[in-house]
Amino acid sequence: MKRLNLTLAGLLALSAQPLLADAVQDDAAREYLVTMAHPNQLYVIDPEAREVVRTCDVKGDFGPGTLQLSPDERTAYVLHHRWEEAVGIDLTSCEEVFRASGSIDSIRAKSIASLAVSPDGSRLYSVWDRVRLGLDHYEVLEPQLAVYDTASGLDAEPIATFPAPRQVTTMAAAEDGYLYLAGADIYRMDPENGDTEIAIANRNWDRPDFSPPDSLAIWSMGEVTDEFLRPYTVAEHPGEENEAWHWGISRVDLTSGETENKEIAPFEFIIFSMVSDPREQDVFYGVYTQLSKLDSRTREIVKVIDLDHTYYSINTSYDGSRIYLGGASSDIAIYDDDFNDLGRIELPGDMSTATLKVARF
Amino acid sequence: MTVARMQVMHGLELPNDARRDIVKYLADTRGLAPEESETQRALIERRLNRIESFDHPIYQEMCARCHTGGRAQLQRRSQGEWEHLVNFHIGQFQTTEYQSMARDRDWFGVALDEIVPWLAETQGLTSEAWEAWQQAEPHEPEGEWQLWGHWPGEGDFYADVSVVAAEGEDAYRVALDGAFTDGRRLDGEGQAVVYTGYEWRARLTLNGRDFKQVLDLSREHPGGRIFDDHDDALGMQVTMLPQEAQAANLVASLPASLKAGERRRLVLLGHGLDKGEIDLGEHVTLRRVVERSAHRLVMDVEADSLLPTGWLPVTVGESSADALLAGYRQVDRLEVSPALGVARIGNDKTPPVSGVFTAAGYTQMGDETLPLGQVPVRWDVAPWDDIAERDEDVKFAGVMDAATGVFSPAGAGPNPQRQYNANSVGNLRVTAAVEGQPEIQDEAQLIVTVQRWNNPPLR
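Protein chains in written order, with this note's numbering: chain A, 58 to 418; chain B, 27 to 485.
Certain hints may be false.
As the list claims (entries may be wrong) - Per label pair, the in silico range of CB-to-CB distance: (1) A:Leu190 x B:Arg45: 21 to 31 Å; (2) A:Pro176 x B:Asp139: 54 to 64 Å; (3) A:Ile161 x B:Thr65: 19 to 29 Å; (4) A:Leu190 x B:Ser153: 29 to 39 Å; (5) A:Glu325 x B:Ala30: 43 to 53 Å; (6) B:Ala30 x A:Leu190: 47 to 57 Å; (7) A:Trp302 x B:Tyr221: 19 to 29 Å.
To be verified - Listed below are several chain B residues computed to face chain A (Cβ distance under 10 Å; list not exhaustive): (8) Met27; (9) Asn113; (10) Asp130; (11) Leu230; (12) Asn233.
What the hints assert, rightly or not - Chain B is nowhere near these chain A residues, computed Cβ spacing over 12 Å in every case: (13) Leu190; (14) Pro270; (15) Asn318.
Worth flagging that the hints you see were computed from the coordinates, not collected in a lab. From a predicted model like this one, the values you see are computed outputs, not experimental measurements. Backbone N, C-alpha and C define an ideal beta-carbon position, used for all residues, glycine too.
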């Protein structure tokens, strides 16, 4: 970090207008939490001050609140309006800068948490599950990857579409331009031509001693560690005397494109979402009704605590010292990396399935 | 439900009387024959706590994980229409293919390739049964009937039922005049419509409380269920019998058993009961005839202390029955049902679903087990396991009425008094113990869970 003069640093720390930070060097960027909550608000939150610094009304109904950030982290893209629209919001002004609906004419489209932004910020991607609404029957259509130019404004149309596999949820764009889609397997797709291959086999893996993995992945974190991570549960030796259940992860390093798939700890409680520790990629934090720390090097549950209620979405600060919990209910919980409770931030509405993102600007 | 879906999901505006006419027309012209609905009477009558089974390896995990499998069993479609239904599921409920037991497979493909052909084969659009039923004479409900059953928490009851034609096609007015076997009055009235020539649907008010009634009129003794539309668990299986018949007979006894040394009200139901001698065997003394008509005999009787275990000979005039009324000295075995019950917490918008348990007694007579019907018991709940004990489920989940076996669930919503702010859910052990024989017990499991948000008539 570049040296700031003490007066300026002090002013920034105490500033009642933290977004003034953009007036100084990038290195002085502050860390914010970004999430959606009912009925239709996007919140920018200062986790240090534990206060909401900006509330952006986003036209339309809530859902699912899947969030992705632009590379400069000043724009948040959110799946919104009953899973049918992708909306871009400038986090420094609440201005709506992008909006696209997957639905066209008699085709209704919904996206189950599929949203990604290209590394240069010029493209937004979503997979739309589509159905043609006839007068007396529905016709399910092939899902479609839609590619948008993020400069297309508020009535954006895709600049390209490609067939996509069914049952895709979260997705991410890698540094090399490939898209990763979490479906039956983790797919790698070239958004230039739609070519799709299996990057990590899950449902179709060839592991005779293991059951197929099960994964409910609708939370798109990973921006802090620049990775695409999907946790799963799996039985080793299913149905046999030595049956053992594990948590595992499928992971793509979005910088290098490297993939891995491995079991990391015993399956003893439910985890809805998981992130790795930015300081040690083989340490994982998971959340549901417990907050847990799992170490894949020893394949142990290092620490687990009961929470006051269920949280769905987990993230960490960029320095790894703080853990943020959101989703489900209306409060964001903050813990340190030893699971000491650092407090709560109350929002007026429930976050439900929304992602809890960490942005710096 | 299809018409309701058009209204709720697609904005169809339809006056209520037009909706009734449309449903009636469709039921009468495109309905199910009695034998086609026979296997799903429990679903139609909204009996809860049933475990289904079907002759298909994955039908339950593909379809009946969200709703009863019976719901589709009550439909008949061509293959193309079954395919439309699968398309509708993904199109309307997008998360269907992402849920557990769907995200482990290509749900849409499996539904089209494995479920649709089976449904098209076993439940195609046309059937011989329906062709035959359309030629059959519809069952005429007008007239004088008597009806009986057991009202949970209130007891056995009987009533004269008068059905007269009302304005409208196959519409009727109903009046009930009856009593519980403990002597309390039971009065009621209502309106009914008969669909498809045998499906009786009525709104009844019984002793001031609103109920719905479903009967299958095609049976020799029309039967079905009266239930609380806001709490399906609270209901009673009923049987209805014409008051007049060619031949005298004995059809039912309320209660189904007498205990040695007991003095109580006994009600015999049948035909031709107004004439002749009443003989209940040497160990049962008739103390008083309370009411006697051709179709009903209400008496106060006393069983002496030497009453043997076994079927009691019952004779009224020309009619006799040798397996209608059981005598017993003690209960040897108790059977609580359901063995696994589900109750739901609730509030004004989504009313709670009660846990309703009954206890049937049995006594042993040599190798033969004699059913005694419902016997007097005391009810209690306890934690089902260590987790339920730790979480104090008994304290939070609701209240069991010790006398009736009716469990009233707690209010819905996060409970700040509980760990994790959990709802007032619970996992309970329901125990019934025979009155006077506390060592004779049976137990059941009661899961008290959260509300159902989507509550169509056929779940």
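request  = Check the following: the C-beta atoms of A:Ile161 and B:Thr65 are separated by a distance inside 19 to 29 Å.
outcome  = violated (44 Å)
query = Does the Cβ-Cβ separation between A:Pro176 and B:Asp139 fall within 54 to 64 Å?
reply = Between A:Pro176 and B:Asp139, where Cβ atoms are some 40 Å apart, the hint is violated.
ask   = Any Cβ of chain B at or closer than 12 Å to A:Pro270, or is the non-interface label fine?
value = violated (9 Å)
inquiry  = Tell me if the beta carbons of A:Leu190 and B:Arg45 are separated by a distance inside 21 to 31 Å.
reply    = Holds - the Cβ-Cβ distance for A:Leu190 and B:Arg45, about 23 Å, lies within 21 to 31 Å.
query = Lying within 29 to 39 Å: is that true of the beta-carbon distance A:Leu190 to B:Ser153?
reply = The hinted range 29 to 39 Å holds for A:Leu190 and B:Ser153, with Cβ atoms some 31 Å apart.
ask   = When the nearest CB of chain A is found for B:Asp130, is that gap smaller than 10 Å?
value = Holds, about 6 Å.
ask   = Does the no-contact call for A:Asn318 survive, Cβ to all of chain B over 12 Å?
value = holds (17 Å)
task = For A:Glu325 and B:Ala30, compare the CB-CB distance with the range 43 to 53 Å and indicate the outcome.
result = holds (44 Å)
inquiry  = B:Leu230 was flagged as interface toward chain A. Is the shortest Cβ-Cβ separation under 10 Å?
reply    = violated (37 Å)
key: Status of the stated non-contact between A:Leu190 and chain B (beta carbon gap over 12 Å)   = Its Cβ does come within 12 Å of chain B, the nearest being 7 Å, so this is violated.
inquiry  = Checking hints one by one. Is B:Asn233 an interface residue toward chain A, by the C-beta closer than 10 Å rule?
reply    = violated (43 Å)
task = Could you see if the CB distance from A:Trp302 to B:Tyr221 stays within 19 to 29 Å?
result = Violated - the Cβ-Cβ distance for A:Trp302 and B:Tyr221, about 50 Å, lies outside 19 to 29 Å.
Checked against the numbered hints given earlier, this structure breaks hints 2, 3, 6, 7, 8, 11, 12, 13 and 14; the rest are met.
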